[in-house]
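K.L.:
This is what each chain is made of:
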Amino acid sequence: DQQVKQNSPSLSVQEGRISILNCDYTNSMFDYFLWYKKYPAEGPTFLISISSIKDKNEDGRFTVFLNKSAKHLSLHIVPSQPGDSAVYFCAASPNYGGSQGNLIFGKGTKLSVKP
Amino acid sequence: DGGITQSPKYLFRKEGQNVTLSCEQNLNHDAMYWYRQDPGQGLRLIYYSQIVNDFQKGDIAEGYSVSREKKESFPLTVTSAQKNPTAFYLCASSIVQNTEAFFGQGTRLTVV
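Chains as they are written, first to last, in our numbering: chain A, 1 to 115; chain B, 116 to 227.
Hints should not be assumed to be uniformly reliable.
[As the list claims (entries may be wrong)] A partial selection of chain A residues facing chain B, derived with a Cβ cut-off under 8 Å:
1. Ala-41
2. Phe-65
3. Leu-103
4. Lys-107
5. Pro-115
Simulated from the structure, these hints should not be mistaken for lab results. Computed from a prediction, not measured in an experiment: that's the story for all the values here. A virtual CB, placed ideally from N, CA and C, is assigned to each residue, including glycine.
Using the sequences and the hints, build the whole thing.
P.N.:
Quick look at the structure:
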C-alpha cells in the first residue's frame, strides 16, 4: 500500500506558466517532506524540502506547500522553463534525523515544459 | 569536489552471474542506501546502512547483498537469485539516516 502517492504520472505545461505537482500521503506521522528532480539516466537531485511545522517553503522559482489536514503537498514552479522538464519525485520521512524508517518515495510525475 | 560516484554507468552481464556495483562517497556521510528504479515504480529501497559495519534490508532485498567495511564505500552485489535484475540502480548517502539523500548518477544493469 503506497504511503506516498503522486497520482498524476505526467503533466504538460507551457513555458512561462505555472507548474503544479501534487503529492498525497497517508501517514500523519510523517514529519519532513522533500522534492527531487530527475533527468533520464541520471540520479535524482534534491530540490526543496519542508518540515511538518511549516506550511510553505520557497526557494527561487520553487515553492512547496504543505496542507497537513489534507495530507497533501504540492510543488509550484513559476515560471516554468524547458529545462524543468524532468521527473519529479515526492518523498516523506517518518522520523527526520532519527533511526526509524527511511525516506519513502512516490512514483514520480513527468513534467514536460513546452517552449 | 564532493559527491557520490557510481561505476560503471552501464553494465551487461549474462544470466546466472553475480555482479557487483560500486558506490563511493566523499561527503563524510554516515548513512548510505541502494535503490532500484523500474519504469512506473518509483524508487524502491534495497539495502541501507546507518554506519560502518552495519546494514539493514530494505523493501526489496531478496537476491541482493551489500557490505559496509568503509565509511566511503557501499558496494551492492546482484546475485543470480535476483529474478529480475535488469534495472537502473541508484546509490545515495545522507549525513545521518532520514535526512536529505544525495544520489549518484546511477548504474544501468542489463542481464541477458
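K.L.:
Against the earlier hints, flag every one the structure doesn't satisfy and list their numbers going up.
P.N.:
As far as the earlier hints go, 2, 5 are violated by this structure, in ascending order.
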